[in-house]
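First to last, the sequence lines map onto chains A and B.
Per UniProt numbering, residue 1 is the first one in the first sequence, and the count goes up by one each step.
Per UniProt numbering, residue 1 is the first one in the second sequence, and the count goes up by one each step.
Calculated directly from the structure, the hints in this document are not laboratory data.
Possibly wrong hints are sitting among the right ones.
Identical chains share a label here; the pair holds if one copy fits it or two copies do between them.
To be verified - Keeping only pairs whose Cα atoms sit at most 25 Å apart, straight-line, the calculated PhoX-like set for lysine-lysine is:
(1) Lys208 to Lys267
(2) Lys167 to Lys58
(3) Lys208 to Lys169
(4) Lys58 to Lys169
(5) Lys58 to Lys208
(6) Lys267 to Lys58
(7) Lys167 to Lys208
2 protein chains.
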Amino acid sequence: MTSNREIHLASRPQGWPTEENFRLVETDVPTPGPGQIVVRNQYMSVDPYMRGRMNDVKSYVPPFALDAPLDGGAIGEVVASEAADIAVGDTVLHGLGWREYALLGATAARRVDPGVAPVSAYLSVLGMTGLTAYAGLLEVAAMRPGETVFVSAAAGAVGSLVGQIAKLKGAGRVIGSAGSPAKVERLRALGFDAAFDYHDGPVRESLKAAAPDGVDVYFDNVGGDHLEAAISAMNLHGRAAICGMIAQYNATEAPAAPRNLALVIGKRLTLRGFLVGDHGNLREAFVRDVAGWLREGRLSYDETIVDGIENAPEAFLGVLRGDNLGKMLVRV
Amino acid sequence: MTSNREIHLASRPQGWPTEENFRLVETDVPTPGPGQIVVRNQYMSVDPYMRGRMNDVKSYVPPFALDAPLDGGAIGEVVASEAADIAVGDTVLHGLGWREYALLGATAARRVDPGVAPVSAYLSVLGMTGLTAYAGLLEVAAMRPGETVFVSAAAGAVGSLVGQIAKLKGAGRVIGSAGSPAKVERLRALGFDAAFDYHDGPVRESLKAAAPDGVDVYFDNVGGDHLEAAISAMNLHGRAAICGMIAQYNATEAPAAPRNLALVIGKRLTLRGFLVGDHGNLREAFVRDVAGWLREGRLSYDETIVDGIENAPEAFLGVLRGDNLGKMLVRV
Numbered sequence: 001m002t003s004n005r006e007i008h009l010a011s012r013p014q015g016w017p018t019e020e021n022f023r024l025v026e027t028d029v030p031t032p033g034p035g036q037i038v039v040r041n042q043y044m045s046v047d048p049y050m051r052g053r054m055n056d057v058k059s060y061v062p063p064f065a066l067d068a069p070l071d072g073g074a075i076g077e078v079v080a081s082e083a084a085d086i087a088v089g090d091t092v093l094h095g096l097g098w099r100e101y102a103l104l105g106a107t108a109a110r111r112v113d114p115g116v117a118p119v120s121a122y123l124s125v126l127g128m129t130g131l132t133a134y135a136g137l138l139e140v141a142a143m144r145p146g147e148t149v150f151v152s153a154a155a156g157a158v159g160s161l162v163g164q165i166a167k168l169k170g171a172g173r174v175i176g177s178a179g180s181p182a183k184v185e186r187l188r189a190l191g192f193d194a195a196f197d198y199h200d201g202p203v204r205e206s207l208k209a210a211a212p213d214g215v216d217v218y219f220d221n222v223g224g225d226h227l228e229a230a231i232s233a234m235n236l237h238g239r240a241a242i243c244g245m246i247a248q249y250n251a252t253e254a255p256a257a258p259r260n261l262a263l264v265i266g267k268r269l270t271l272r273g274f275l276v277g278d279h280g281n282l283r284e285a286f287v288r289d290v291a292g293w294l295r296e297g298r299l300s301y302d303e304t305i306v307d308g309i310e311n312a313p314e315a316f317l318g319v320l321r322g323d324n325l326g327k328m329l330v331r332v
Numbered sequence: 001m002t003s004n005r006e007i008h009l010a011s012r013p014q015g016w017p018t019e020e021n022f023r024l025v026e027t028d029v030p031t032p033g034p035g036q037i038v039v040r041n042q043y044m045s046v047d048p049y050m051r052g053r054m055n056d057v058k059s060y061v062p063p064f065a066l067d068a069p070l071d072g073g074a075i076g077e078v079v080a081s082e083a084a085d086i087a088v089g090d091t092v093l094h095g096l097g098w099r100e101y102a103l104l105g106a107t108a109a110r111r112v113d114p115g116v117a118p119v120s121a122y123l124s125v126l127g128m129t130g131l132t133a134y135a136g137l138l139e140v141a142a143m144r145p146g147e148t149v150f151v152s153a154a155a156g157a158v159g160s161l162v163g164q165i166a167k168l169k170g171a172g173r174v175i176g177s178a179g180s181p182a183k184v185e186r187l188r189a190l191g192f193d194a195a196f197d198y199h200d201g202p203v204r205e206s207l208k209a210a211a212p213d214g215v216d217v218y219f220d221n222v223g224g225d226h227l228e229a230a231i232s233a234m235n236l237h238g239r240a241a242i243c244g245m246i247a248q249y250n251a252t253e254a255p256a257a258p259r260n261l262a263l264v265i266g267k268r269l270t271l272r273g274f275l276v277g278d279h280g281n282l283r284e285a286f287v288r289d290v291a292g293w294l295r296e297g298r299l300s301y302d303e304t305i306v307d308g309i310e311n312a313p314e315a316f317l318g319v320l321r322g323d324n325l326g327k328m329l330v331r332v
């Protein structure tokens with residue numbers, strides 16, 4: 001161990017973030033105190049929700065502090081331990097990404113078995129990303145077999161799992177929207193019944209063509225015109241699980257859509273926002289289902305890997321732009 | 001019986017309706033065929049939702065036809081019957097208002113006991129209006145004792161019942177908004193803990209002042225800035241029952257609000273549209289509760305009565321303007 005590099009928030013972005021909002025800082029590798037461990041991070045997650053934490057507003061998680069390391073999901077190998085139940089060499093999942101070496105209390109780390117799946121999978125399909133898809137679709141939106149499901153940002157980490165899980169749980173028809181022809185092609189390969197590039201025309205029209213009999217469940221990662229289109233397309237008693245609204249995370253003005261919200265009355269629609277943290281009750285069923293599907297080769301997950309902690313800001317900007325196919329990860 | 005007068009839709013309103021959109025038509029009093037009855041209407045209901053049916057758009061109920069009588073809730077006395085189970089002199093509730101004499105199949109009428117309550121009450125507190133308030137608050141929004149409830153258009157037919165039922169079912173704090181000082185005063189008399197006139201300033205600020213600890217349940221009759229304010233004020237896991245959006249029924253441009261919809265994610269809010277017709281399962285409990293509260297003098301209901309079928313269009317315009325305190329009815 002020589003030195004540790006970490007990414008600090010240098011300034012709060014106004015609108016779209018830039019590289020200037022971040023700073024690469026070199027520090028010493030930390031030494032664990034009693035009950036603590038030091039983890040050499042192997043992978044860290046960059047997620048759209050982190051954009052919200054860069055604003056100085058009250059929210060469900062506190063904002064990132066200025067001139068301090070960012071944080072987020074990470075996985076790595078324990079290189080020093082002063083904790084009884086975690087040993088050097090263990091692989092642990094924890095919340096202190098955006099740095100090469102993480103110092104944390106052992107209770108804040110969860111040991112995982114690196115023999116079951118590539119360790120990166122614990123940050124994607126087997127982790128919060130997978131549970132978000134699973135809980136949003138099956139618990140929040142309560143998808144039933146035979147229903148038509150629409151998911152936006154469908155080639156992203158969560159969206160691609162939502163579509164596949166929907167099919168595996170018996171959805172009648174699954175439709176995805178994405179931001180490039182290559183992504184649309186990937187969705188078809190993943191088993192989506194229909195997919196469209198939202199650049200090809202108004203989302204409302206593309207969705208109507210893809211879902212001639214309407215939509216029962218909408219899994220929203222985008223907000224804006226996607227949510228508006230979904231509300232228009234939804235059938236009686238349709239449900240929307242609102243997971244994210246990436247379309248507006250960098251907006252400097254409040255968005256106008258959805259202008260058709262009054263349709264929720266006549267169609268008896270339910271729009272429900274959720275955070276995966278409320279759905280830990282599903283973890284056991286989730287792991288059983290997903291591990292089984294992976295074993296049987298029935299569930300695919302894409303990862304877009306960027307190398308080097310110094311490139312983490314660029315990876316984060318990339319996920320906001322939609323450069324990623326599946327989960328965007330930084331290999332530290 | 002001499003002649004029958006009824007109100008036809010003469011043209012479809014653009015924006016706010018005017019008297020010119022309606023036509024008073026004189027016809028013969030109908031004669032019942034087999035299985036039919038003729039009802040001399042005593043009261044008919046004018047409701048905000050009827051505005052939507054004046055547009056020629058696909059919705060959950062078909063639009064009103066041009067050059068034909070409008071329809072809607074009504075109550076009256078049977079004056080001719082060719083049906084086995086309904087007799088001349090019975091009082092029946094049915095769906096053919098906007099006319100002095102209604103001809104209908106006996107199966108489309110529900111006999112009520114005029115000795116239990118004034119017959120007009122079957123169009124308000126004991127009817128669909130009351131069940132709308134009851135179901136929306138207790139089933140759709142699933143209000144729990146101790147919670148803070150906000151209701152818009154709170155001096156209207158549904159809103160005034162929502163607030164009172166909330167208190168009767170143990171709400172911790174009930175807040176109402178209305179459109180005049182007299183209405184605000186009435187809300188206080190009805191037992192609302194706080195009430196404000198939405199003309200007095202931005203709804204968001206008025207609501208924040210009235211609900212310093214936030215709102216758990218929002219019963220929406222208004223939409224627009226009221227819904228936006230409620231979303232901002234709502235606590236974690238808050239629920240909105242979306243009953244109406246009167247603010248935009250006459251809008252000629254799509255409304256922009258709520259611009260803060262992304263808050264549903266972090267706060268895990270549920271917005272759910274509903275129609276009373278889906279909640280017939282509650283009718284028995286509703287009648288038992290409401291009849292009990294009325295008997296004990298714990299529930300008040302206001303009625304604003306306009307006389308004469310020829311004044312029904314004006315009464316309808318009045319309810320859109322908010323001229324009414326409680327239920328707006330036409331005494332035919």
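Do the hints match the structure? See the list:
no.	hint	verdict
1	Lys208 to Lys267	within (16 Å within a copy, 30 Å between copies)
2	Lys167 to Lys58	neither (38 Å within a copy, 31 Å between copies)
3	Lys208 to Lys169	within (23 Å within a copy, 43 Å between copies)
4	Lys58 to Lys169	neither (37 Å within a copy, 32 Å between copies)
5	Lys58 to Lys208	between (37 Å within a copy, 15 Å between copies)
6	Lys267 to Lys58	between (33 Å within a copy, 11 Å between copies)
7	Lys167 to Lys208	within (20 Å within a copy, 44 Å between copies)
Violated hints, in rising order: 2, 4; the structure is consistent with all others.
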